[in-house]
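*Asks:* Sequence:
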Amino acid sequence: MSIRVRQARHDDYDDVAAFCADVWPDREMVDYIPEVFDRWIDSDGADQRTVVAEAADGSVVGVCQGLLLSPTEAWLQGMRVDPHHRGGGHGLAMVEDLFAWARENGATVARNMVFSWNGAGLGQSVAAGFEPTCEFRWAHPEPRDANPSLPVASDPAAAWTYWTHSDARTALSGLALDPGRSWALSELPRATLDRLADEQAVFAVKASGTRGMACRVRTTEDPADDGSLAEYAVGAWADADAAAALFDAVRSDAAALGVDRTRVLIPETPRHVAEAAAARAGISEWPDFVLTADLTGL
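The sequence shown: position 55 = 898 (the working numbering), numbered continuously.
Worth flagging that the hints you see were computed from the coordinates, not collected in a lab. This structure is a prediction, so every number in the text was calculated from the model and none was measured.
Label-pair ranges, simulated between beta-carbon atoms: (1) ASP988 to ASP1041: 20 to 26 Å; (2) PRO1113 to TRP960: 16 to 22 Å; (3) ALA899 to THR1062: 43 to 49 Å; (4) GLU1042 to ASP890: 17 to 23 Å; (5) SER959 to TYR856: 28 to 34 Å; (6) ALA996 to ALA864: 47 to 53 Å; (7) ARG987 to THR1007: 28 to 34 Å; (8) PRO877 to ARG847: 20 to 26 Å; (9) SER886 to ALA1083: 41 to 47 Å; (10) ALA1099 to HIS927: 47 to 53 Å; (11) ALA899 to ASP1041: 50 to 56 Å; (12) THR1007 to TYR856: 41 to 47 Å; (13) ALA864 to ASP1082: 44 to 50 Å.
Ideal Cβ placement from N, Cα and C applies to all residues, glycine included.
Please work from the sequences and hints to get the whole structure.
*Replies:* Following this line, the structure appears as structure tokens:
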């Protein structure tokens, strides 16, 4: 049976909100899709496509969005399928539509993110052609005035040099939080660090060479709570002392901004998670997985 996938419309909202209400019945989580769905429709355009999948009776039973993050990188997010229609190929049909759209717009790779506890989502992603790439966790240093124990400078050249040779970059496959999208990861090029140094903030921990780096990509309203949030694309460091200095620099930066909370993307490795915890940065409850699909051979 052929599954119809089409551009999403505002009048699809009721169907989408209904099945998203029951998408994770075993978890105390409220799905964000109903809250953002109308904004997604309004902002669709050349670099964004939101699609839905229809059942045989014409009702909407799936939703997914594709983004173009760079000339070669696409990101798929928000894939949801009505629990009563899982296994019917609707998720795969939406992915195939968005892969085709991404390729037509020059993308050679597509990625997505799945919560580590979401076995169904991970299995569906692999079935659709994604391969596991990396995993990360959020650190949440509390905004406050702090004095780093090691020198920290705004030096994008030093930060770039450290990043390119770091085990964090290897663990993350070169990915960091995208400057334009809060829940997407993309490659971190030197030009982005230079721009962030001018427009946001870049940190390099310097002591007998460069021993750590981080960069702020935005401040925004916190989607998880009422309040403001400073987001840092990645944190990378050589040892526990460098981690402590880096997170103190982030704390002071966030305090100067007057935000309520922070989040720093860090690699999900035993060393990075343990040293972030030792620096009292606060760690998210679970890691997230990033998966990648090569669009060049499809």
